[in-house]
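All chains should be modelled from the sequences, with the hints used to inform the complete structure.
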Amino acid sequence: MAALKTAFFRIKIKINGYPNTIILISSLLLACRGIYHLLLSLRWPLSLSPDATLLSMDAWMWLHGNVPYRDFFAINLPFSHIVHALGILAFGDTDTGLRLLNLSALLIAAFVSSLYLWRHSRLAAIVAFSLTLTLTAEASTFGQLQRETLLLPVWIGALWMIEKIIQAASYRLWIVWGALLGVSLLIKPTSFFFGAMLFFYFAIRTHGRNIRISWKESAITLTRTVLMAGCGLLVVFLVPVILGYPPDYLLLWKKNLDVFTYGIPLVPPSRLLFRPLTLHPENILNSWNKPYSIEGELVIGVFTLFHVAVLAAFVMYYRKDTEKLSLLFLVAGGYISYLIQRRGYAYHLIPVWHGLNLMLSVLIADFARKHQAREKKPSKGVFLKSSYFKYLAIFLMLLVLVRFRNSERVYSDTGFGYLLKPTTPPTIPIVAEINATANVLREKKPERRPSIQLLELNTLALGAVLGHDIEYASGFAVADPIVSSHPDASFFRKKLMTALKRRPPDLFVIALFRDSLEDVLKDAPEIRSFLEEHYYPYKRVNVQPEYLIFVHNDLSPYFPGTISTDSPSPETNGIPNSSKTIEAYTETNLH
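Sequential numbering of the sequence shown, starting at 0, is according to numbering that gives the first Met the number 0.
Treat the hints as calculated values from the structure; they're not laboratory data.
Take the hints with a grain of salt, since some may be wrong.
Said to hold, decoys possible - If you anchor each label on the Cβ, the simulated ranges turn out as follows:
1) R223 x P524: 52 to 62 Å
2) P245 x H279: 44 to 54 Å
3) F490 x T423: 39 to 49 Å
4) T423 x H63: 24 to 34 Å
5) I21 x T413: 23 to 33 Å
6) G64 x K444: 22 to 32 Å
7) E531 x D468: 27 to 37 Å
8) L265 x V307: 19 to 29 Å
9) A167 x T413: 45 to 55 Å
10) K443 x D247: 42 to 52 Å
11) K521 x M315: 50 to 60 Å
12) A167 x L242: 27 to 37 Å
13) R404 x V307: 13 to 23 Å
14) R448 x R223: 54 to 64 Å
What the hints assert, rightly or not - Straight-line distance between alpha carbons at most 25 Å, and here's what the computed BS3-like set of lysine-lysine pairs gives:
15) K494 x K521
16) K521 x K493
17) K493 x K253
18) K500 x K521
19) K500 x K444
20) K493 x K254
21) K494 x K254
22) K494 x K253
A quick note: this is a predicted structure, and the numbers were derived from the prediction, not measured.
We treat Cβ as the ideally placed atom computed from N, Cα and C, and that holds for glycine.
So, in structure tokens, the structure goes:
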């Protein structure tokens, strides 16, 4: 026991009684389990995380000479690409390499969160680190390496800078704050509302100082503040231009986003306001999210009475401590960002989930510390004997462990248990088919790399390009701007046709999503004519979505036969189709 106390003393944590010991051991167990899941996630096919795949594909094309918004369609702003490009340079473009980027991003978020809470409580920092690592299981495969995860350390850093500005009144710190806000805006523009929340928090903290300042001095102070923050913002906005982006990339991004979102139903914020909340008592310890299913509902992230209780306890306990109430603005900024996006996806709530975890960490640590202090008086606004707080701290930590265990069980209950076991994950059918076809081309034509063009609606097939030494024919990673009926879509189709005619790809893969080929290409007659003239349908991959693989006419000796593009058939001209779904591959792995 003496050696154990010495070890904890080195990190300035004094164990005084059993509450801290139990919480520390529980946190270490949680952290070990979270790291174990992170290591297992290195084996997950990248295609199970479609949004991360798209970001990686954009970055991969950027590194190969295509600059976003100039030569191809992309719906994400530059810093998302910069992060993924750095990940590709550091870890490679394979599935494992890109999963290592996810691991690094989550560890950075956990580390920054711990540093932020370290000044409040060492124990809170350790609990926060452990809770952050549970995001791998909580966010599902669909939620891995989302832009919201990239925002976590940036937002917490910006919140930290505001608190330092309040304490030190340094205008130089406004430059750092402006730079952090700029980075967050170039990851996700809805971060603007988080920045507005921080200004509101700054106004609240400085309002009660009783400092008399004239209107002239106030105007000068406000102007200087805006200019200093604007300098940091401007520097960040110039970085993409230095790296090769066109100076008007923000305007071009807006145009691309208009085409991408055209025809996509958006949910009014009023309907989303309470959608993520379930108040049924039996759901109180449910997992926040579920494993991603390609046929499943994406709107599955929920907060339960457990989260409501944490929020209420935090507000009651720290209602007179405005410094710790800063976490409320992190949660509020994340929730406003979720509402503004009007999509209702669970991963949009990652900042809210993280903010609530930080609140929980502070509560657990302060409850345990209150027991150590053996205070005779109750806390401000909380009528509870000090001796009870040790039990409350331990109880909250045990609830955390139970909830996390429920998160793990959800994977097994939904047929995705293999993701959290040291087994070989299933191969994505369309990725396997494309790679098999490309391997035949490598054998028949070893003097050149196979080339491909995708009209992808779900980004599953992009996993066949990344890390597989396949040349991509154009700069279009997704089909939305090509098949859209938006008036500006013809501009993108012309750019695609220019690239295709310059060097026709060997393979042309189209996602159908239960539609016929004619329905998919009804607004893209140029693509349909190009296919009819130069390609023939070779294979149908019957997953959801369905895919058609077209082969160039010059390669017909190596891939004989054609199939119908109207309806799937078990076998055509001796060429079998792939009818295995992800669920079928899952059953194979489990048995």
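We went through each hint and held it up to the structure:
Between R223 and P524 the beta carbons are some 58 Å apart, a value that agrees with the proposed interval 52 to 62 Å. The hint said 44 to 54 Å for the Cβ distance between P245 and H279, and at roughly 51 Å that hint holds. Distance hint check: the CB atoms of F490 and T423 are about 44 Å apart, consistent with the given range 39 to 49 Å. Our hint of 24 to 34 Å for T423 and H63 holds, since their Cβ atoms are close to 30 Å apart.
A hinted range of 23 to 33 Å holds for the C-beta pair I21 and T413, which are about 32 Å apart. Here the CB-CB span from G64 to K444 is close to 23 Å, well matched to the stated 22 to 32 Å. Between E531 and D468 the beta carbon distance is about 30 Å. The supplied range of 27 to 37 Å therefore holds. Against the hinted window of 19 to 29 Å, the Cβ-Cβ separation of L265 and V307 comes to about 27 Å, which satisfies the hint.
Remark: the range hint 45 to 55 Å for A167 to T413 is upheld by a beta-carbon distance near 50 Å. Taking the beta carbon of each, K443 and D247 are about 45 Å apart, inside 42 to 52 Å as hinted. A hinted range of 50 to 60 Å for the beta carbons of K521 and M315 is consistent with their spacing of about 58 Å. Between A167 and L242, the C-beta spacing of about 33 Å keeps the proposed range 27 to 37 Å intact.
Separated by about 21 Å at the C-beta atoms, R404 and V307 satisfy the suggested range of 13 to 23 Å. Distance hint for R448 and R223: a CB-CB separation of about 56 Å, consistent with the stated range 54 to 64 Å. The suggested pairing of K494 with K521 holds, with an alpha-carbon distance near 18 Å, which does not exceed 25 Å. Restraint check: the Cα-Cα separation between K521 and K493 comes to about 16 Å, which is no more than 25 Å; the hinted pair holds.
Between K493 and K253, the direct Cα distance comes to roughly 19 Å. Compliance with the 25 Å bound is thereby established for this hinted pair. With a C-alpha separation of about 20 Å, the suggested pairing of K500 with K521 holds against the 25 Å cut-off. For a cut-off of 25 Å, the pair hint linking K500 to K444 stands: about 21 Å separates their Cα positions. With a CA separation close to 16 Å, the supplied pair K493 and K254 stays within the 25 Å bound.
Straight-line distance between C-alpha atoms of K494 and K254 comes to about 15 Å, which keeps the hinted pair within the 25 Å bound. About 18 Å separates the Cα atoms of K494 and K253, which keeps this hinted pair within 25 Å; it holds.
In summary, the structure agrees with every hint in the numbered list given earlier.
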